[in-house]
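**Student:** Sequential numbering from 1 applies to the sequence shown in UniProt numbering.
What the hints contain is simulated information worked out from the structure, not anything from laboratory work. We put the beta carbon where it would ideally sit given N, CA and C, even for glycine. Warning: the hint list may mix true and false statements.
Here are the computed lysine-lysine pairs in the PhoX-like style, where the Cα-Cα straight-line distance is at most 25 Å [claimed, not checked]:
hint: 1; residue 1: K117; residue 2: K144
hint: 2; residue 1: K126; residue 2: K144
hint: 3; residue 1: K46; residue 2: K17
hint: 4; residue 1: K46; residue 2: K144
hint: 5; residue 1: K126; residue 2: K17
hint: 6; residue 1: K117; residue 2: K159
hint: 7; residue 1: K159; residue 2: K144
hint: 8; residue 1: K46; residue 2: K122
hint: 9; residue 1: K144; residue 2: K158
hint: 10; residue 1: K159; residue 2: K17
hint: 11; residue 1: K126; residue 2: K46
hint: 12; residue 1: K17; residue 2: K158
Computed spacing ranges between beta-carbons, pair by pair [to be verified]:
hint: 13; residue 1: L51; residue 2: S14; range: 16 to 22 Å
hint: 14; residue 1: R74; residue 2: Q112; range: 26 to 32 Å
hint: 15; residue 1: R201; residue 2: T41; range: 31 to 37 Å
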Amino acid sequence: MIGVEAGLYIGSVSDLKDAQSLIDAGVTHILTVDSEEAAVTGFHTKFVRALDDASTDLLSRLDDCVCFICEALRTHSESKSSAVLVHCHVGQSRSAAVVTAYLMKTQHLNLQDAYTKLRNLKPDVKMNEEFMDQLALYELMGCKVDTTDPLYKQFRLKKMTEKYTELQNVPKDVFAVDPAQTQNTEGVYRCRKCRRTLFRRSSILSHCVGSGASAFSHKKTRIVSDSEDQRKCTSYFIEPVQWMEPALLGVMDGQVIPHCFTHLDTQLNRCIKTLFLAVHLFNAQNICTSIYFDYWEAKMVSFNIDNLFKRLKRLHDILC
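Work out the full structure, taking the sequences as your base and the hints as a guide.
**Tutor:** So this is what it looks like as structure tokens:
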């Protein structure tokens, strides 16, 4: 267990075995960032389930973690009898990511300076690359999780699609509000055929010209050069909207999009749920004329509305 600042410690699960040492250090709060909850009593605890691998979305929990630490340190400042231990399994990656986020937010440090400061105090810290990327995004958002930020939306969608086949329930906050069900002055996009409102301008996700999900990865934040800008993308990528939920969850009732899309054979339903739904709207005179489903392997099948059934039938034959 290493002291980071007054009242804040970083350590491993082994530090929990000696309760008396924790008490002697004034520890009153324990933040566990691990795959299993720590079996400790007599402390204020918070548990964040997280694996130390690329599949973990730690970013979405950073504000909660920092808030827990700040609350413990606020008590420490007022009573001088409180301290918090942040730990994972070995005290090198997950706990380091949380403490680094805390230093960034409270001491107004950039990622590199905060991480360097922590490593000077605890040289064995070695955060995995995915957590470094998530902290870089945390820094871009001003050290707070902004759920309306396009980069964060892209990050959440990427994480969701990585585990799509394992998901029992897609988080409701992934879906944007259906613009057809609410009153809003923001610009909207409609289907040319039926004039159904499909999505708002804020649902458009910026992306680089490319193929598959990599084209709009949250890591692609560099400035596009003039030569690349000349290759203007003719498509819109948008976040999922509430009316898409049945299709995403694999419980389509004969339709993909309300009102105007051709009814589909029910046997296709079991195929669609194995795909990552990336909604791709063709930008021809600012009207939507097509969408596509993007394979997990980043292979692409595009189809026109009028030929939707035929193309999906072909897709069914390929997959099944």
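**Student:** List in ascending order the numbers of the hints, as given earlier, that are violated by the structure.
**Tutor:** When the structure is compared with the hints, numbers 6, 10, 12, 15 turn out to be violated.
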